[in-house]
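Chemist: Spelled out, the chains give:
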Amino acid sequence: MLAIEILGLEKIYTVGFWQKRAKVGVRALNLEVRQGELFGFLGPNGAGKTTTLKLLMGLVFPTAGAARIMGKDWRDPAIRARIGFLPEQPYFYDHLTPTELLHYYGTLSGVSAAERRECIPKLLERVGLAEHGRTQLRKFSKGMLQRVGIAQAVVHDPEVVFLDEPMSGLDPIGRREVRDFIESLSEQGKTVFFSTHILSDAEALCDRVAVLNKGELRGVGVVAELRARNRTRVEVVWQGKSAIPAIESMGAKSHSAGDVVRATLEADQLQAALDVLKQRHAKLISVNPVGGSLEEYFLEKLNEPSAVPQ
Amino acid sequence: MTYRLRAIAFNTFREAVRDRILYNLVFFALLLVATAPLLGQISIGVQRVLLINLSLTAISIFGIVISIFVGISLVSKEIEKRTLYPVLCRPVGRGEFIVGKYFGLAGTLFVNTAAMSAGFYMALLLMTHNFTRADANILLAIYFLLLQFLVIIGLALLFSSFSSPLLSALFALSMFVAGTFAMDLRTFAAMSQGPEKWLARAMSYIVPNLASLNVITRVAHDQIIPPALVAYNTLYAVLYAAATLAGAVIIFSRRDLK
Chain A
1 MLAIEILGLE
11 KIYTVGFWQK
21 RAKVGVRALN
31 LEVRQGELFG
41 FLGPNGAGKT
51 TTLKLLMGLV
61 FPTAGAARIM
71 GKDWRDPAIR
81 ARIGFLPEQP
91 YFYDHLTPTE
101 LLHYYGTLSG
111 VSAAERRECI
121 PKLLERVGLA
131 EHGRTQLRKF
141 SKGMLQRVGI
151 AQAVVHDPEV
161 VFLDEPMSGL
171 DPIGRREVRD
181 FIESLSEQGK
191 TVFFSTHILS
201 DAEALCDRVA
211 VLNKGELRGV
221 GVVAELRARN
231 RTRVEVVWQG
241 KSAIPAIESM
251 GAKSHSAGDV
261 VRATLEADQL
271 QAALDVLKQR
281 HAKLISVNPV
291 GGSLEEYFLE
301 KLNEPSAVPQ
Chain B
1 MTYRLRAIAF
11 NTFREAVRDR
21 ILYNLVFFAL
31 LLVATAPLLG
41 QISIGVQRVL
51 LINLSLTAIS
61 IFGIVISIFV
71 GISLVSKEIE
81 KRTLYPVLCR
91 PVGRGEFIVG
101 KYFGLAGTLF
111 VNTAAMSAGF
121 YMALLLMTHN
131 FTRADANILL
141 AIYFLLLQFL
151 VIIGLALLFS
161 SFSSPLLSAL
171 FALSMFVAGT
181 FAMDLRTFAA
191 MSQGPEKWLA
201 RAMSYIVPNL
211 ASLNVITRVA
221 HDQIIPPALV
231 AYNTLYAVLY
241 AAATLAGAVI
251 IFSRRDLK
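For the record, the sequence lines run as chains A and B. Be aware that the first sequence starts at 1, since it is given in the numbering used here, and climbs by one per residue. Be aware that the second sequence starts at 1, since it is given in the numbering used here, and climbs by one per residue.
No wet-lab data here; the hints were simulated from the structure. Yeah, the Cβ is synthetic: ideal placement off N, Cα and C, and Gly gets one too. Mixed in with the good hints there might be a few duds.
What the hints assert, rightly or not - Have a look at the derived ranges for each label pair, beta carbon to beta carbon:
#	chain 1	residue 1	chain 2	residue 2	range
1	B	S164	A	R138	22 to 32 angstroms
2	B	V26	A	F61	29 to 39 angstroms
3	B	T57	A	Q19	22 to 32 angstroms
4	A	Q89	B	A242	46 to 56 angstroms
Claimed, not checked - If we take Cβ atoms under 10 angstroms as the criterion, some of the chain B residues that face chain A in the derived model are:
#	residue
5	R48
6	R82
7	T83
8	Y85
9	P91
10	V92
11	R186
12	K197
13	R201
14	A202
15	R218
16	D222
17	I251
18	L257
What the hints assert, rightly or not - Calculated pairs, EDC-like style, for lysine to aspartate or glutamate (alpha carbon to alpha carbon, straight line, at most 20 angstroms):
#	chain 1	residue 1	chain 2	residue 2
19	A	K20	B	D256
20	B	K81	A	E88
21	B	K77	B	D19
22	A	K142	B	E80
23	A	K142	B	D256
24	A	K139	B	D222
25	B	K81	A	D94
26	A	K23	B	D256
27	B	K77	A	E266
28	B	K81	A	E266
29	A	K278	A	E266
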């Protein structure tokens, strides 16, 4: 079953006071996300990622198109109880404590008082805020607010979670924690749809990604396949400089640091290179495929000409 | 639906309390204390009239200021700070959000007015040493002030649903001032001829008839407020507030949140 179906969703803004002109937010977007998938929505700043999420959340109205979430119209109020949303750079009522805020959002999502009393302390524990449950949010750092944001997105145990730039502005430890949390959501079988421009996060987490640029979908790919793509070269690392001339004679490029040598060569020459290393009594350290990164795919898609006349 | 409305209203009330909106009660208390020596200089009958006029006018001014300035920020602050995103992505209708905010501020003003009224009655007791039947009449004037606040909050919400906070404040203040002179506008319409007559008449129906909701001087002079006026004012304020609220909901429900 599809968790999210975006059917030609489009948003054209009218800007300017005297001379009105059209500004593309999102152009006829078609996208499908399967249930349980961890889906990355990639694009540079201003690509239309946040606009797409706002359209799906009903915060802005589309110029054309529709969407279905868990098979139902995305505007159906009943479906809103089954989805969670973390806005970009979230800001919450700073007069509330995280506990009060989660009770408030839980109530709005229809979670009973008994359930809230049981799940909120656990949730705060899970996002590392158990000790700050009674501190007003005005005293929170950006990283702590991001954790509150994640907690509010899942306080009602939704089936589909939308996260807008969940790692932006976080330090490396914070990013790691958020990544772990997203992984744990996926392990629970939830569908996670998150937008980001940090490719390493998408590469580490996602099953599939979509690339958006200037409001237009440029491509959708399976991360594992993208990684495997173009892997025609390998990097061999060994100890022992005596093998360098023989390896370089195969057309490989090498560089050494102390006694450790790295060389990159065509994959079909790997066996011959390993034989050379054995003959020269060099100590093999590692063999790794090279290339096929998400970054290459992302840049390739961004540089492709637009399918729609500008 | 009811529990969501209640949650939004309670959150609005809690925000007002924690943002120290009710601190104006302290100023009200100080005002009453400061006027005590002044009142000591005049006869008991005049003292009573002056205290009623002064206290109820203060309750009115504090209430109107809160209604307008908190009212216009109820929605605009949420949009500006994007605090309503995590609210509206839940099963919460935009209408529920507006109505919940309305009730939250109305509740805040009710508590505020109740506390001020309690302070006023204590001051009155200290001055006159006993309550008379006429003193209960003052409650009607306070009730009418509350009806005024309900109308003004509705207007503030209506204007803030489509314009900036500054313009909303300007519009709401203008409506308040015009509404205070609504009776004069009607008299002017009756005396005028031609297009001015129709314009003045139309304006007199658009602006809230706040003059009818101000009976401070009448209760200060122990005039009886007829039950028909109570019923008329109640119905008028409820309908006017409902109309402004419906307008705010319709506009806000079609608005893109950028």
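Chemist: Tell me the hint numbers this structure goes against, listed in increasing order.
Modeler: 2, 3, 4, 5, 11, 12, 13, 14, 15, 16, 17, 23, 24, 27 and 28
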